[in-house]
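**Student:** Protein chains in written order, with this note's numbering: chain S, 1217 to 1489; chain W, 334 to 612.
Do not rely on the hints blindly, as some may be mistaken.
Partial selection, computed: residues in chain S whose CB lies under 10 Å from chain W [as the list claims (entries may be wrong)]:
| hint | residue |
| --- | --- |
| 1 | ALA1281 |
| 2 | TRP1362 |
| 3 | PRO1363 |
| 4 | ARG1380 |
| 5 | ALA1410 |
Note that these hints are calculated values from the structure, not bench results.
Predicted model only: the values in this text are computed from it and were never measured.
Just so it is clear, CB atoms sit at the ideal spot from N, CA and C, and this is done for glycine as well.
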Amino acid sequence: MAVLKVKLGSVPRRLDGCVHCTPCLQFCPQAALMEMPFVARYLVERDGVVTAQPYPGVLREEVVAVGSRWLPSLLELLNGNFSLRGSAVLVEGRATVLVGPSAIGASTLAAALAVRGCPLIADMVVPFVLDRPSTVRASEPSVDLWPDAAGVLELDLYSGKLMRRALAKRSFTLDVGPVKPAVPVGRLVWLRLAGHSPPSATASLTKVSSIQAMAAVLSNQLYAGAVAGLGLSGRHFEWMTQLACLDNYELPRVGGDLSRALLHRSAEAVLAA
Amino acid sequence: MSAPRTLWLASYPKSGNTWLRAMYTAWLQDGLPSLHQLQGGEMPSVRATFDQALGIPSTLLSPAETDHLRPLADAVFNDASDASGRLLVRKVHDHFLTNKGQPVVSTAVAVGAIYVVRDPRDVALSLAHHSGQTVGYIVGYLGDHNAVSGQHPDEVAPQLRQRLGSWSDHVLSWAEQVELPVEVVRYEDCAMAPHDVLRKLLLMGQLATVEERLRRAAASCHFDVLRRMEQEVGFPEAARPIPFFRRGAAQGWRGVLDGYLQARIEQDHSTVMKRYGYL
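So that you can see chain W by itself, here it is in the shape it has in the complex (with noise of 0.2 Å):
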């Protein structure tokens, strides 16, 4: 096996994991990032990277025997990076552990997580208009402690079963884990102070910080900007024809999230919402 070299970018779906993709992308390059080049888009649940890693069909394979083969995939993409010798930053959304109770992503080859946390009541605005349901179902679904995405018996999607639990149960899982040195960073600071975000995650990637390329990377990402960029070239990641960046802003609930789900919201997570200054 080589050198770790996978950086885990975490985090429940909606919550600006992409958005610090693009800050990475924009690092690297030190240049206007590419919607159709981002960094990192290579998630490990996608069916057609773990295919490819391992050389046989997921399509003949249940959720929980995938589950169970992911870290052996992540490592042999770990692997055929080695070449390049380049930190290896991939996104995830799975929850830490499968229902076995293993990690669901490859420690052994990882340097670390960064995992982003978002306020739940701007993460249920997001998804529902993500993926096209109800607030109200989305706030159960956030409550939800056997919530999955991509699990339908019936068909086969592009993307593997992906287990995430509750929201609080999903940042726990991250925050909590002691397999990998872990960064938690917020949502509403990456909107604040992009720079001081970015620059943790390069930290963590054991990578250089010049100040003046850092902060010339995070102010090239500003979410207008990648709105713009999607209304004129669009983004392939988007897996509904609506757009991906949508509003970005912070504290976005206020004012249109029902004072009901409101509440829900904070009654199902309050205990990880006071932790991360959200109540």
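This is chain S alone, in the form it adopts within the complex (with noise of 0.2 Å):
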């Protein structure tokens, strides 16, 4: 697959021959399309050459810090990959990978693995590769932080580069050892809400069945809609299929309760799995 590289341009409002759209996605089986409201409409080509047309008064800067999180997950769709929300870090050689709904705290943990030596493999979004073993696509040793999560690993939040202006999120690099560009996946832990809990049962890993991976996946990955469109149904089974056999993992977390005490619990757990 070709590197992203974003350029300023015109950018149509509409994708001929598109096979699956959305408000905000199009998609055709050589590009897509996706309007990111009050920042920019993107066009990514499937050789990766990726044009933006930025909202009036929004800097390139930001244009591309949120074209290169995101973008690479609909390159790889139109190349035949499909990605997971959620982020990845190095454990003895393989990805571990973090996976769980928007703002479950998946940077926060995969931080929290880096600070302990766990290099990083992908934040946000986790491309994976069709292969045996499967393997995830390696991408910026950096991570998204909100100031609170920033606070909590005591990192120093001006070393991190803001990515909108509008957003107090800030982009770390966190450089800990070197990655390979495809890391073959160790495990996958499912990060999920725990709602009603007592706290202490939230920082332990519990097995998940090959059934309950494949719905996590389902209700975790992107794009699902596109996938029938670009006729890549095949392979998206043989990749769901992939994921269910390896190790999958549950961990539980409780939302807005970002306490340094259950972040070096939650890591240690991730670790000791």
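Since each chain comes alone in its own frame, lean on the hints to assemble the complex.
**Tutor:** Right under this line is the structure:
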């Protein structure tokens, strides 16, 4: 797959030959168009060329920062690969993939593991390469954190780079060791909002069955609606089956409860599994 | 866009929304509802729901930007449910309007709204318990025209920012809007005659209201039953490790709420409280 290159230019509102359309996304076999309101409209071509048309007043740096985080997942899909929402770190030569819905704390947990010496592989989206064994594609060793998470991890807030002027979120480079471009997957850890659970129960990993893992893939994958239209149903099923056959664990998380002790316990639990 | 099939089940937090959802679930299944599978829990303010619907990351958008985009996500959610053809009941706690004066929910895909109103003196006690704040703080929150939920500039939460306004603002924003047909029901009537309240919901959703099934559903969701179920199997929607279903009694504030705080609530919200028979 080609490396993502973002250039600024004019981007059409509609994509010709669209096989799947939502208010913010359009797909055809050769390209995808993403409308990121208030930031830019992006056209991602299968060979890795990205054209972005910024909204008025948006800086080029913001357009690139947002695009570089999210667009690799679109590029992967155009090339027949699939992505999950989450982060990944290297543990003993293999990828530990932390997956869960938006704001579940995957980036914070990945950063906590990086601070413990586990190199970062990916953040926000984790692109998988359909291979045997299943591998994930490594990106820059940076992770996006909000100030409260940076504080809990005792990172210097101003060492992080602002992604957008409208947000307090910053991108932190945590380069703790080399990572190969593609890393075989060791295990998947599904982060689930704990709801009514005692805090002591929130830092232990539980093994989940293949069926439960399949259900988790279905609810955390990106662009599921585009799969059939792009003619990728067979590959998609094969990918899901591969993931379901790996070591899959569940880690309950308490929303909004970002204490240093809990994060420490969660990171230790991931390493101990 | 598909045909409208969304029914908004709106309320200020801790006003009986979940109770009504339990009754609707019981009616739908014609049996005891599972607290792990209540209908309508996909609130439009759930960040993951928003992200899934639009395919873009809300964590890269500001609260004002997500407010603006939420009706689009509602429309996608409505269309996605089209295959089932079933009414899509969705819980919502926001003020009807965003800071910019636009409806925060999609009105184009909605068949209407049920708004549950509850005595603010009971809301204050329940919300204080639920949020872990003091009752005094919550009484101030209920009177705050700028009150929001889920807004933390330095952190990200599983919920998007929700504008609430004061308790009175919230009630009037839904009761007096003209974009959607709305039926206002009182929490206290849910306690007295739950089947009547459930009937109103079903009628708004253009569903059949066979009396026997309706009464069976309402009876199966007595507050004590839900509380017992939560003790036994837990409630995944509870935000904190404390019971979600606590007391549920109408007029539970009597003998519990501090006199000064009671007077302050009655002063702050007298007009709306009188309108709904609380004063």
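**Student:** So, for every hint listed, does it hold in this structure?
**Tutor:** For each hint, the structure was consulted:
no., hint, result
1, ALA1281, "9 Å, holds"
2, TRP1362, "5 Å, holds"
3, PRO1363, "4 Å, holds"
4, ARG1380, "7 Å, holds"
5, ALA1410, "8 Å, holds"
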